[in-house]
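Put together the whole structure using the sequences plus the hints.
Residue strings, one per chain:
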Amino acid sequence: MSIGMSLLAILEEAPTYGLRLKNEFEARTGTMWPLNVGQVYSTLGRLERDGLVRVLEHGSEAQKLYEITEAGLEQLRSWFDTPTQMLPPARDELVLKLVMAVGHEGVNLQDVIQAERRGAVELLQELTLLKRKGSLEKDLGWALLLDSLIFQTEARVRWLDDSEARLHRHGASSVPHEQPQQATSVQETGGVPR
Amino acid sequence: MSATIEWLDVTKVYGSGHLQVEALSHVSLRALPGELIAVMGPSGSGKSTLLSLAGGLDQPTSGKVLVAGKDLSSLSVTDVARLRRRRIGYVFQQFNLIDGLTAVENTSLPLELDGVGKRGAREAALRALAQVALEQLADRFPDELSVGEQQRVSIARAVVGERILLLADEPTGALDSVTGETVLGLLRSHCDQGGCGVLVTHDARFAAWADRVVFLRDGRVVDQTSPTAGPESLLRDPVGR
Numbered sequence: 001m002s003i004g005m006s007l008l009a010i011l012e013e014a015p016t017y018g019l020r021l022k023n024e025f026e027a028r029t030g031t032m033w034p035l036n037v038g039q040v041y042s043t044l045g046r047l048e049r050d051g052l053v054r055v056l057e058h059g060s061e062a063q064k065l066y067e068i069t070e071a072g073l074e075q076l077r078s079w080f081d082t083p084t085q086m087l088p089p090a091r092d093e094l095v096l097k098l099v100m101a102v103g104h105e106g107v108n109l110q111d112v113i114q115a116e117r118r119g120a121v122e123l124l125q126e127l128t129l130l131k132r133k134g135s136l137e138k139d140l141g142w143a144l145l146l147d148s149l150i151f152q153t154e155a156r157v158r159w160l161d162d163s164e165a166r167l168h169r170h171g172a173s174s175v176p177h178e179q180p181q182q183a184t185s186v187q188e189t190g191g192v193p194r
Numbered sequence: 001m002s003a004t005i006e007w008l009d010v011t012k013v014y015g016s017g018h019l020q021v022e023a024l025s026h027v028s029l030r031a032l033p034g035e036l037i038a039v040m041g042p043s044g045s046g047k048s049t050l051l052s053l054a055g056g057l058d059q060p061t062s063g064k065v066l067v068a069g070k071d072l073s074s075l076s077v078t079d080v081a082r083l084r085r086r087r088i089g090y091v092f093q094q095f096n097l098i099d100g101l102t103a104v105e106n107t108s109l110p111l112e113l114d115g116v117g118k119r120g121a122r123e124a125a126l127r128a129l130a131q132v133a134l135e136q137l138a139d140r141f142p143d144e145l146s147v148g149e150q151q152r153v154s155i156a157r158a159v160v161g162e163r164i165l166l167l168a169d170e171p172t173g174a175l176d177s178v179t180g181e182t183v184l185g186l187l188r189s190h191c192d193q194g195g196c197g198v199l200v201t202h203d204a205r206f207a208a209w210a211d212r213v214v215f216l217r218d219g220r221v222v223d224q225t226s227p228t229a230g231p232e233s234l235l236r237d238p239v240g241r
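As you go down the protein sequences, you meet chains A and B in turn.
Residues in the first sequence are numbered from 1 upward in steps of one, following the working numbering.
Residues in the second sequence are numbered from 1 upward in steps of one, following the working numbering.
Any given hint could turn out to be false.
Mimicking SDA-like on lysine to any residue, the simulated pairs with C-alpha atoms at most 25 Å apart in a straight line are [claimed, not checked]:
| # | chain 1 | residue 1 | chain 2 | residue 2 |
| --- | --- | --- | --- | --- |
| 1 | A | K131 | B | T179 |
| 2 | A | K97 | B | Q224 |
| 3 | A | K97 | B | D223 |
| 4 | A | K131 | B | S25 |
| 5 | A | K133 | B | A130 |
| 6 | A | K131 | B | E181 |
| 7 | A | K133 | B | G180 |
By construction, these hints were calculated from the structure, which means they are not laboratory data.
What follows is the structure, given as structure tokens:
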């Protein structure tokens, strides 16, 4: 849905061809989320079917010029005005990995957390470099996107820090589900000593 | 290239007997001119001890700390104090500015204490304030400056003169997000101009300004980030950026 609404937002500015929409979308998102042109055409097809865009110039896909309709404008306004749906939360591989590691004998949760933290901080370093190199004053959309990725990655590190502290309080680096009463002590596994 | 700061197999033990605490255990780390390293870790992991030893404020129980190739333990107390005054700058969460002195007087104070003449110290302080874009506010007192401006003065004071090593202990702790970024930009810029910086922080977003992030846990270096692959690696089709 978000790609369709983004295409409508670009179309609101002027009637546009599909390929130009793809390029404009990527320019505004710093090529962070590339679209393939087939995806753009199929999304435009759905928007046309739903009466949110109309075709001004017909021909092959590449020759079609699209314009937003009144219904499209209304839908776009509603998208901007309505809080983004956050529930149910999307599946998160990192969360799943930690949850599974808790019950997995032979996996040191402390090591999993540290590897994930290093990866997240390395990503933060790359994003920060992008931010430092960019001309953010001139490109507000790009700046917003980078800030969003930076804050999301930072939140992961904070969650990992908190998980580590929770693990520390729990006093074990790997607790098999089957034998919770026999949790291996931290010292024995070489995990967190205190 | 020789390191600006190097910890060589450093162990630091506080207390004795059953109250003994090993704050650092066999830590070896180095930072080169032009490099900013960040140290992260939970409370009690040894971050601040690492900085105290780098600044010559404390001695390791074993191992060596070298600043610009000089083993601090081989220097007299007077020489360590001189090195600390002339070559090392400190930035803390608390700005530690003196209320009765203006921004430029606060900045020039370390040089004057080191015997530099008033005029020379003031000129150097104005150059340092220019580095943090505060030369226009040089004659304001701390209570006439915003919190962010006060932290910038404390950075100017830390880099004034011929400092080669900047030690920053949670410098963004009292600042909002945007001002914190400005402060990190200044530390980064100091290193980009050939200085060396060691930043201790809880905040991954600020640690990410460093060239390398070192993770401490229970007094040991448990991990560090690899050099970045280059931000372009994040862009799948880096056209026009």
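Hint by hint, which ones does this structure get wrong, listed from lowest number up?
4
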